[in-house]
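Novice: Residues per chain, in single letters:
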Amino acid sequence: MTRYRVRHLTRYSYDETVAVCHNVAHLRPRSSMESIVRSYTLRIEPATHVENRTDYFGNPIACFSIPERHQAMSLEAISEVQILPRTLPDPGQTLPWERVREGLRQRAFPDWLEATQFLFDSKLVMRGADLAAFARGSFSPGRPILEAALDLNRRIHEQIAYVPRSTDVETTAIQALELQRGVCQDLAHIFAGAVRSIGLPARYVSGYLRTRPAPGQPIRVGADESHAWVSVYLGDAGWVDLDPTNDLVVREEHVLLGWGRDYRDVAPLLGIYLGGKNQTLHVEVDVTPVETSDESLLAESHAPGF
Amino acid sequence: MSSTAGPSRTATPRLLDTYRPLADAYDEAFAAPGVPRPHAAAFYREFAARERRDLDEHVSQIQAQLAEFGLDYRAPGEERDDRPGALDVLPAFLSSEEFAELARGVAQRAKVIELAFGDLTGKQELLASGAIPAELVFNNPRFQRAAVQGQEEGRKRLSLYAVDLVRTESGTWRAIADYTGLPPDLGFALEHRMIVSRLYPRAFQLLGAERLAGFFMTLRAALRAAAPVSRDNPRIVFLTQGAGSRGYFEDAYLARYLGFPLAEAADLAVRESKLFLKTLGGPLPVHAVLRGLFDDDCDPVELKGGSDGSAGVAGLLEAIRAGSTALANPVGSGLMETPVFAAFYDRLCERLLGESLLLPSLPTWWTGEPEAQSIVAERLRELEGYKTFAIPNTAPILLVQAPYHTWTEARRQWEENPGGWFFREPPTRSTSPVWNGNSLEPWSLQIRMYATADGDGFSVMPGAVAKLTPPPGSRAGQRVRVQDVWALSDRPVENVSLLQEPGTPIEIKRSGAELPSRVAEDLFWLGRWLERTENKARLLRALVYRLSGESDVAGSPAIRVLARSAAAVGLIEASYGVASFEAALPRLDGFVATRAIRSNEPDSLISGVKQCLRSASRVRDRLSTDFWQILHRMQRHLHQGASQDNDFLTDELTSLNRLIFDFHAASGAMHESGTRTLGWSFLEIGRRIERTTHTATLLENMLSGGLSEEGPSLEATLEAGDSIMTYRSRYLGQLQPHAVLDLLLLDGSNPRGVAFQLEALQRQVDLLERATGPQAAPKRIAASAVEAIRAIALDDLLRATDPRHERLLNALETIKGLVDELGTVITEIYLLHVGPLRRFGNFSRDD
Numbered sequence: 001m002t003r004y005r006v007r008h009l010t011r012y013s014y015d016e017t018v019a020v021c022h023n024v025a026h027l028r029p030r031s032s033m034e035s036i037v038r039s040y041t042l043r044i045e046p047a048t049h050v051e052n053r054t055d056y057f058g059n060p061i062a063c064f065s066i067p068e069r070h071q072a073m074s075l076e077a078i079s080e081v082q083i084l085p086r087t088l089p090d091p092g093q094t095l096p097w098e099r100v101r102e103g104l105r106q107r108a109f110p111d112w113l114e115a116t117q118f119l120f121d122s123k124l125v126m127r128g129a130d131l132a133a134f135a136r137g138s139f140s141p142g143r144p145i146l147e148a149a150l151d152l153n154r155r156i157h158e159q160i161a162y163v164p165r166s167t168d169v170e171t172t173a174i175q176a177l178e179l180q181r182g183v184c185q186d187l188a189h190i191f192a193g194a195v196r197s198i199g200l201p202a203r204y205v206s207g208y209l210r211t212r213p214a215p216g217q218p219i220r221v222g223a224d225e226s227h228a229w230v231s232v233y234l235g236d237a238g239w240v241d242l243d244p245t246n247d248l249v250v251r252e253e254h255v256l257l258g259w260g261r262d263y264r265d266v267a268p269l270l271g272i273y274l275g276g277k278n279q280t281l282h283v284e285v286d287v288t289p290v291e292t293s294d295e296s297l298l299a300e301s302h303a304p305g306f
Numbered sequence: 001m002s003s004t005a006g007p008s009r010t011a012t013p014r015l016l017d018t019y020r021p022l023a024d025a026y027d028e029a030f031a032a033p034g035v036p037r038p039h040a041a042a043f044y045r046e047f048a049a050r051e052r053r054d055l056d057e058h059v060s061q062i063q064a065q066l067a068e069f070g071l072d073y074r075a076p077g078e079e080r081d082d083r084p085g086a087l088d089v090l091p092a093f094l095s096s097e098e099f100a101e102l103a104r105g106v107a108q109r110a111k112v113i114e115l116a117f118g119d120l121t122g123k124q125e126l127l128a129s130g131a132i133p134a135e136l137v138f139n140n141p142r143f144q145r146a147a148v149q150g151q152e153e154g155r156k157r158l159s160l161y162a163v164d165l166v167r168t169e170s171g172t173w174r175a176i177a178d179y180t181g182l183p184p185d186l187g188f189a190l191e192h193r194m195i196v197s198r199l200y201p202r203a204f205q206l207l208g209a210e211r212l213a214g215f216f217m218t219l220r221a222a223l224r225a226a227a228p229v230s231r232d233n234p235r236i237v238f239l240t241q242g243a244g245s246r247g248y249f250e251d252a253y254l255a256r257y258l259g260f261p262l263a264e265a266a267d268l269a270v271r272e273s274k275l276f277l278k279t280l281g282g283p284l285p286v287h288a289v290l291r292g293l294f295d296d297d298c299d300p301v302e303l304k305g306g307s308d309g310s311a312g313v314a315g316l317l318e319a320i321r322a323g324s325t326a327l328a329n330p331v332g333s334g335l336m337e338t339p340v341f342a343a344f345y346d347r348l349c350e351r352l353l354g355e356s357l358l359l360p361s362l363p364t365w366w367t368g369e370p371e372a373q374s375i376v377a378e379r380l381r382e383l384e385g386y387k388t389f390a391i392p393n394t395a396p397i398l399l400v401q402a403p404y405h406t407w408t409e410a411r412r413q414w415e416e417n418p419g420g421w422f423f424r425e426p427p428t429r430s431t432s433p434v435w436n437g438n439s440l441e442p443w444s445l446q447i448r449m450y451a452t453a454d455g456d457g458f459s460v461m462p463g464a465v466a467k468l469t470p471p472p473g474s475r476a477g478q479r480v481r482v483q484d485v486w487a488l489s490d491r492p493v494e495n496v497s498l499l500q501e502p503g504t505p506i507e508i509k510r511s512g513a514e515l516p517s518r519v520a521e522d523l524f525w526l527g528r529w530l531e532r533t534e535n536k537a538r539l540l541r542a543l544v545y546r547l548s549g550e551s552d553v554a555g556s557p558a559i560r561v562l563a564r565s566a567a568a569v570g571l572i573e574a575s576y577g578v579a580s581f582e583a584a585l586p587r588l589d590g591f592v593a594t595r596a597i598r599s600n601e602p603d604s605l606i607s608g609v610k611q612c613l614r615s616a617s618r619v620r621d622r623l624s625t626d627f628w629q630i631l632h633r634m635q636r637h638l639h640q641g642a643s644q645d646n647d648f649l650t651d652e653l654t655s656l657n658r659l660i661f662d663f664h665a666a667s668g669a670m671h672e673s674g675t676r677t678l679g680w681s682f683l684e685i686g687r688r689i690e691r692t693t694h695t696a697t698l699l700e701n702m703l704s705g706g707l708s709e710e711g712p713s714l715e716a717t718l719e720a721g722d723s724i725m726t727y728r729s730r731y732l733g734q735l736q737p738h739a740v741l742d743l744l745l746l747d748g749s750n751p752r753g754v755a756f757q758l759e760a761l762q763r764q765v766d767l768l769e770r771a772t773g774p775q776a777a778p779k780r781i782a783a784s785a786v787e788a789i790r791a792i793a794l795d796d797l798l799r800a801t802d803p804r805h806e807r808l809l810n811a812l813e814t815i816k817g818l819v820d821e822l823g824t825v826i827t828e829i830y831l832l833h834v835g836p837l838r839r840f841g842n843f844s845r846d847d
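Residue numbers (this note's numbering), protein chains in the order written: chain U, 1 to 306; chain A, 1 to 847.
These aren't lab readings, by the way, just hints derived from the structure by calculation.
Every value quoted in this text rests on a predicted model; they were computed, and no experiment measured them.
Don't take each hint at face value.
[Unchecked claim] Heads up, incomplete: computed chain U residues facing chain A, CB under 7 angstroms, no partners named:
(1) 22
(2) 50
(3) 52
(4) 63
(5) 113
(6) 120
(7) 163
Note that CB positions come from ideal geometry on N, CA and C, so glycine has one too.
The task is simple: from the sequences and hints, build the whole structure.
Specialist: Structure, rendered in structure tokens:
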């Protein structure tokens, strides 16, 4: 069991005064079966009123506007998140992937409607023949779904080059596959696009990686920025998170922020500002383990509410 | 319409006898040739007396009235081919029984769609139960996820709904399109009714046609009910896409009819989760918005995907979630326009209302479902195929009719992705008689009906808009026509007007502080352009009068003075003012007509009139119909002048005279009908600034020519300054410079003189300050200008010690400078400065 302190600082400075801005931020981690948010604060400069809501996918969002003139805006989110151990199903024992696809069509799984949300096209992840062909390289007929997904995870890691700044926020899954390179966001898009193109649901997951690896672990890619991976639907066995950028099964090094269909659904900040001309952006992300005694953890994990 | 000489009166005595309904279609008006259907019989009995030339007369009446409403207006370079179609001279009719049945069907259909909308953007039980396939929502580009969260169940009302209907061969009506996002062409429906009912006032009474006003009263009540806080008098605005967009004039018309201020997105702002109208008097809370914007365009923060954040009101969704304001229809309601949903409304009606659907769609199948696949497979050739999420208004892709598709190819494409297509039976249509300019022809008809929320259910507009398409080979070509549809009543028709609702005392308001800043800006520029253009017309008239007369020759002092002024305001080239250059130039008289009046140069007279129209069109909802009509007449007259032979300057004189009359009429309409509110102040300031500059420029050019040959140039100046009659009444024929200067410069009682303008400006600046709070700069500048003119001592200035009148010219220069500065300062303080909105950019990437 691990507990992390996440600090995510974003600062915009403008070369001219901004009169007003309106924003929606995804900066508060969402709680899930394996991830419990213990504390969270968001400090905004200039200070302003924040409405905390959840978005369509159930992610926490902060809605705020800054109605006074300003030349810089900074957002500092500090959270403590406790990661619970996950048990990975035996890949060979998972359902053949076609059975998952069929089961969804038959509405056979209790959470079929939720899973179906992540089956179709979105702005950055459109399904396509090339993506489907890419997926079939791993999803051969009758293959257990997790086995196939792990294989796809490895293939993306090996074939698609991780090249910082090689793409931008508008790059689609199909474009990234064509380019054969991208950043973690693109690798996650390719994964999601590939499995959706053969009729299987996948979520795009936004989050963080611990900055310094645990003793004995190699340094991970994407550790000092926001990170992205995918969550694959296995049917009766629920969802499993995979990180194609590092060819990892997500366990205790990743901190969940939120999920959606693609990057755009969970972008850290969506907003509009008036005035200001050009913007300069500065981002800092630190993810550090917090020492806790096992006893307190045990007590917390039995606390009501989760 | 055709201009060939019509047949003689006896050749076509009875237009109706020549009308031949098609053998294979139901005709709305005639049961058989010459036999009108009973409900329409009274109309056609009266109509039978009409002859061809009466209909020609109707056509021109319609044209004139469309012009009056501003519906024929086009901004320069703007085409309006997307209008719903030309208005036909004949109305169509629904009998009272038929209307009653249709109204029940439309109201029920609206309710089903409203309930489905509430569920799909709420609990989604219809998806969980499979009543609607999840793919048709989750993969639907019209499904706005951002609009789903936070909207409470109770608010999911459709204030306005419209449906397109066709009549099948069996005589029953079937829906072919539902409208839940914007009110499509509702303003047209109202305008068309106004026009067509005036053509047949007697028949309109006689037939007992239902009035539309009651429907609009219900709509107004529905919008009040939509406002989240229960208030006696919620502020409701009509949000339009803005001047130049399709439907802007209809929006303006409808807003005015409903009594809601017309606002563009830039007039609204969200602060602390509340929506405000930006006005000169400060921000005013807005409680409900009737929107003319598509879902995507409502809020750039959360809705629009692209990088351009210019459309919409930033933060609007947050204001709606906070419960401070409501949108009608709600954001996201465009979802229910998804055509493929038609395949499910039968089932949904049973499920949601426990009733069978009274007004079904044409049979429709989505082939993502296996049962539908097998039905369609057998009937592929006789059905229309569309892409599943085909957007209305763009031509749907007809799988089976695309010319480059063979049947095998079409089938292959469909079978490859059956979920990507839906199919429906091709619509059949009834016919209605349409006047094609020569005879009555049976055209194919579909009608659009409207409903508004009323209590728990819906009220249906007693009338409709019919859209008609010509039969193949029609003389009238392929253009679509529109007919006003009268719902007939078998009981006495109530006369209601929207102006006063019985029993509801309205709040007395006097101030105009609710004026949106953008509107103030447009009024300011309207004032400036009106005055500037009128002054130019006066100047040109004085010039043309002299050029065409016997007494003056080109190069005479009077013409030179006027030419210099005309050159100073850009009407003609500057060289015309200089004697030594004139020899090398084309004759001034020819140049005046081509360049000064009608050229596309920005300073020409016709460009000025266009600028007036452009400014006026942006504040259309605040101008009287009379005023608008006068502006239109100006443009028409100038254009008509152009189509004639222009060699004769007397023709130009006539058209300039007419133009100046029109300006007088416009001023009259403004002065006598415009309330003296803040808007008036901006219009007035604009005018006074321009008139100061004009009169001062005339005087400068009079003075700088030297006053040696005083008589003719003084007279010309007085004429261009519109003060000749006053002068003559005071001094008879004695023309002397100091008397002319006194009248045009110092006499505070002459409404054309400079002193009068400056005092008026000072008054308006004070009024603005009183209404909106202290502002030092405009006050100081206006006071300086008044001081400057009071300091002028004419006797002193005209002494021989200053033969070139330099001191007087300097004083005029100072005054012109001050009013110019005043204009700038007023713009800076009061008027709108909307910078471009920007999107937070390429940042915080997940690297």
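Novice: All the hints need checking, so say for each whether the structure fits it.
Specialist: Hints, one by one, checked against the model:
| no. | hint | verdict |
| --- | --- | --- |
| 1 | 22 | 4 angstroms, holds |
| 2 | 50 | 11 angstroms, violated |
| 3 | 52 | 12 angstroms, violated |
| 4 | 63 | 5 angstroms, holds |
| 5 | 113 | 5 angstroms, holds |
| 6 | 120 | 4 angstroms, holds |
| 7 | 163 | 10 angstroms, violated |
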